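Residue numbers 811 to 911, in our numbering, belong to the letters of the sequence shown in order.
Keep in mind that the hints were calculated from the coordinates and are not lab data.
Some hints here could point you the wrong way.
Just the calculated beta-carbon pair ranges, DEER-fashion [said to hold, decoys possible]:
1. Gln908 - Ala876: 22 to 30 Å
2. Gly828 - Gly892: 33 to 41 Å
3. Pro860 - Lys839: 26 to 34 Å
4. Thr838 - Asp898: 20 to 28 Å
5. Lys897 - Thr868: 23 to 31 Å
6. Asp898 - Phe837: 28 to 36 Å
All of these numbers come straight from a predicted model, not from anything done at the bench.
Every residue, glycine too, gets a C-beta built ideally from N, C-alpha and C.
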Amino acid sequence: MKLKSGDTVSIVRGKDNGKQGTVQKIFTKEAKVLVEGINQYKRHLKSRTPGQKSEIITITKPLSLANVQLICPKCKKTTRVGYKLLKDDKVRVCKKCQTEL
811 MKLKSGDTVS IVRGKDNGKQ GTVQKIFTKE AKVLVEGINQ YKRHLKSRTP GQKSEIITIT
871 KPLSLANVQL ICPKCKKTTR VGYKLLKDDK VRVCKKCQTE L
């Protein structure tokens, strides 16, 4: 997985195209990512008990990894992620400016 939670990403496709957010959670088996404040939907909840009110809540749904691209913290551009081997470590690298992420 080339993204990690806490990374800043940009949305490439979909209704939130061009928006930016931070990764909250990654679902590796489904190849989806949950981005804070992106891909939000309204959900109507019916009251369960007589004293409780019905309400409308906002749910953030996960996006496909193909619709998200990492933003490099140094050059502030959307970029792909590569890997570099340093002695015993495998480090993520920005493909545009070649800095470690």
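Results of checking the hints against the structure:
1. Gln908 - Ala876: 22 to 30 Å: Holds - the Cβ-Cβ distance for Gln908 and Ala876, about 24 Å, lies within 22 to 30 Å.
2. Gly828 - Gly892: 33 to 41 Å: For Gly828 and Gly892 the Cβ distance comes to about 24 Å; the hint is violated.
3. Pro860 - Lys839: 26 to 34 Å: violated (41 Å)
4. Thr838 - Asp898: 20 to 28 Å: Cβ of Thr838 to Cβ of Asp898: about 24 Å, so the range 20 to 28 Å holds.
5. Lys897 - Thr868: 23 to 31 Å: Taking Cβ atoms as reference, Lys897 and Thr868 lie about 46 Å apart, which means the hint is violated.
6. Asp898 - Phe837: 28 to 36 Å: Between Asp898 and Phe837, where Cβ atoms are some 29 Å apart, the hint holds.
Hint violations for this structure: numbers 2, 3 and 5, all remaining hints satisfied.
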